[in-house]
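Participant: In our numbering, the protein residues as written are 63 to 442.
The set of hints was computed from the structure by calculation and includes no laboratory data. As the structure is a prediction and not an experimental result, all values here were calculated from the model. Where is the CB? At the ideal position from N, CA and C, for every residue including glycine. No incorrect hints appear here.
Derived DSBU-like pairs: lysine-lysine, alpha-carbon spacing no greater than 30 Å straight-line:
id: 1; residue 1: K161; residue 2: K100
id: 2; residue 1: K393; residue 2: K296
id: 3; residue 1: K199; residue 2: K288
id: 4; residue 1: K393; residue 2: K288
id: 5; residue 1: K239; residue 2: K318
id: 6; residue 1: K296; residue 2: K100
id: 7; residue 1: K318; residue 2: K285
id: 8; residue 1: K318; residue 2: K106
id: 9; residue 1: K252; residue 2: K199
id: 10; residue 1: K393; residue 2: K97
id: 11; residue 1: K130; residue 2: K393
id: 12; residue 1: K252; residue 2: K239
id: 13; residue 1: K318; residue 2: K296
id: 14; residue 1: K199; residue 2: K218
id: 15; residue 1: K100; residue 2: K130
id: 16; residue 1: K385; residue 2: K100
id: 17; residue 1: K289; residue 2: K199
id: 18; residue 1: K130; residue 2: K161
id: 19; residue 1: K289; residue 2: K252
id: 20; residue 1: K241; residue 2: K218
id: 21; residue 1: K393; residue 2: K318
id: 22; residue 1: K375; residue 2: K130
id: 23; residue 1: K285; residue 2: K241
id: 24; residue 1: K211; residue 2: K239
id: 25; residue 1: K385; residue 2: K285
id: 26; residue 1: K431; residue 2: K130
id: 27; residue 1: K106; residue 2: K296
id: 28; residue 1: K252; residue 2: K241
id: 29; residue 1: K389; residue 2: K296
id: 30; residue 1: K296; residue 2: K211
id: 31; residue 1: K389; residue 2: K97
id: 32; residue 1: K318; residue 2: K100
id: 33; residue 1: K385; residue 2: K288
id: 34; residue 1: K241; residue 2: K211
id: 35; residue 1: K211; residue 2: K288
id: 36; residue 1: K218; residue 2: K393
Pairwise CB distance ranges (calculated):
id: 37; residue 1: D164; residue 2: Q359; range: 39 to 45 Å
id: 38; residue 1: I313; residue 2: E392; range: 14 to 20 Å
id: 39; residue 1: G416; residue 2: E193; range: 35 to 41 Å
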Amino acid sequence: MKNNWIKTISLLSLAILSLGMGSRMLSQTEGLDSKGLKDAFEGKFLIGTALNGAQINGRDQQSIELLKANFNSIVAENVMKSGPLQPEEGAFNFSSADKFVDLGESLGLHVVGHNLIWHSQAPGWFFVDEEGNEVSKEVLIGRMETHIKTVVGRYKGRVDGWDVVNEAILDDGTWRKSKFYEIIGEDFMKLAFQFAHEADPEAELYYNDYSMALPGKREGVVKMVKKLQEQGVKVDGIGMQGHIGLEHPAIEEFEKSIAAYSGLGLTVIITELDMSVLPSPGRNTGADVGTNFDYEQSINPYQEGLPDSVRQKFDRRYVDFFKLFLKHQEKISRVTFWGIADQHSWKNNWPVRGRTDYPLMFDRNYQPKSVVNALMELVE
Numbered sequence: 063m064k065n066n067w068i069k070t071i072s073l074l075s076l077a078i079l080s081l082g083m084g085s086r087m088l089s090q091t092e093g094l095d096s097k098g099l100k101d102a103f104e105g106k107f108l109i110g111t112a113l114n115g116a117q118i119n120g121r122d123q124q125s126i127e128l129l130k131a132n133f134n135s136i137v138a139e140n141v142m143k144s145g146p147l148q149p150e151e152g153a154f155n156f157s158s159a160d161k162f163v164d165l166g167e168s169l170g171l172h173v174v175g176h177n178l179i180w181h182s183q184a185p186g187w188f189f190v191d192e193e194g195n196e197v198s199k200e201v202l203i204g205r206m207e208t209h210i211k212t213v214v215g216r217y218k219g220r221v222d223g224w225d226v227v228n229e230a231i232l233d234d235g236t237w238r239k240s241k242f243y244e245i246i247g248e249d250f251m252k253l254a255f256q257f258a259h260e261a262d263p264e265a266e267l268y269y270n271d272y273s274m275a276l277p278g279k280r281e282g283v284v285k286m287v288k289k290l291q292e293q294g295v296k297v298d299g300i301g302m303q304g305h306i307g308l309e310h311p312a313i314e315e316f317e318k319s320i321a322a323y324s325g326l327g328l329t330v331i332i333t334e335l336d337m338s339v340l341p342s343p344g345r346n347t348g349a350d351v352g353t354n355f356d357y358e359q360s361i362n363p364y365q366e367g368l369p370d371s372v373r374q375k376f377d378r379r380y381v382d383f384f385k386l387f388l389k390h391q392e393k394i395s396r397v398t399f400w401g402i403a404d405q406h407s408w409k410n411n412w413p414v415r416g417r418t419d420y421p422l423m424f425d426r427n428y429q430p431k432s433v434v435n436a437l438m439e440l441v442e
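Start from the sequences, fold in the hints, and give me the full structure.
Facilitator: Below you can see the structure in the form of structure tokens.
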């Protein structure tokens, strides 16, 4: 009888102990579930994302919940570009841009404006007069000044940093022959940064471009920035667009560019990060939005989902890049993904419209992919 009582008490004690351990394990699991990417990389660099119009205007609340949990910096994907902001001369439309900045402030996020001067998505009127003739250098400079100072001035003290000029250097390091360059010359770069600084002296100012790991572009950007610095122009950072693939660019070349840009005394920002898993229809497509190829079934192989072998390669490639970012965390201030979930990515329609790509951290059901856990484990 005594032995039975002892056995009963032992079993009860074990059950109580097990319940306690289970409770602690549940608590630990809940803690892991509540930890997002921004928490994992806290103290190393900011984790940002681009927001589209539906998210900014409150039509995609699932994305906003992921934003709150995983990101501490936001950038406007399209609503702050010159075309949407000033479709007609002097007729500014700040509706969505205001909501973007309001959202960032309400959530206590680091806010980035994208972008002030870009040859693409600029309104057609910017470069011509009422009769359709190309404007003079003086007129275009005036329009640049008005646009930049109106936009930056409106959000003075509220936007932390601006992509002042976007994609002005070609892959070989020469200047892109945009209308800004053809009409004004190289000085359009200097003037853009000067106007932005005059409008908000406290905001950080960045140059942003794609294919920044290419040796030719690296040399061209370094040369351009050095000249600006010699002229006393305020430049705070270099945005290295991270439109990468499973095979390109070489991580070694990416690392060389981080070193080269930080060697200018500037912060390096990994911007527009996404990883396409789809075959490229052409060589050296970079990220030029003007590049387009015809649809073919053979270059859209994963319409029904991503095979495990490709997913594993995707995860390893992202982890390798984040190992690089962590290695150079003292040089890098922010890593920003170009979207939240796969269905939002521009890669579904570029450079071939109508494909199914998987370039981001969250799937089409707003669920974290295995790569999210892999990145968090990398830090922990």
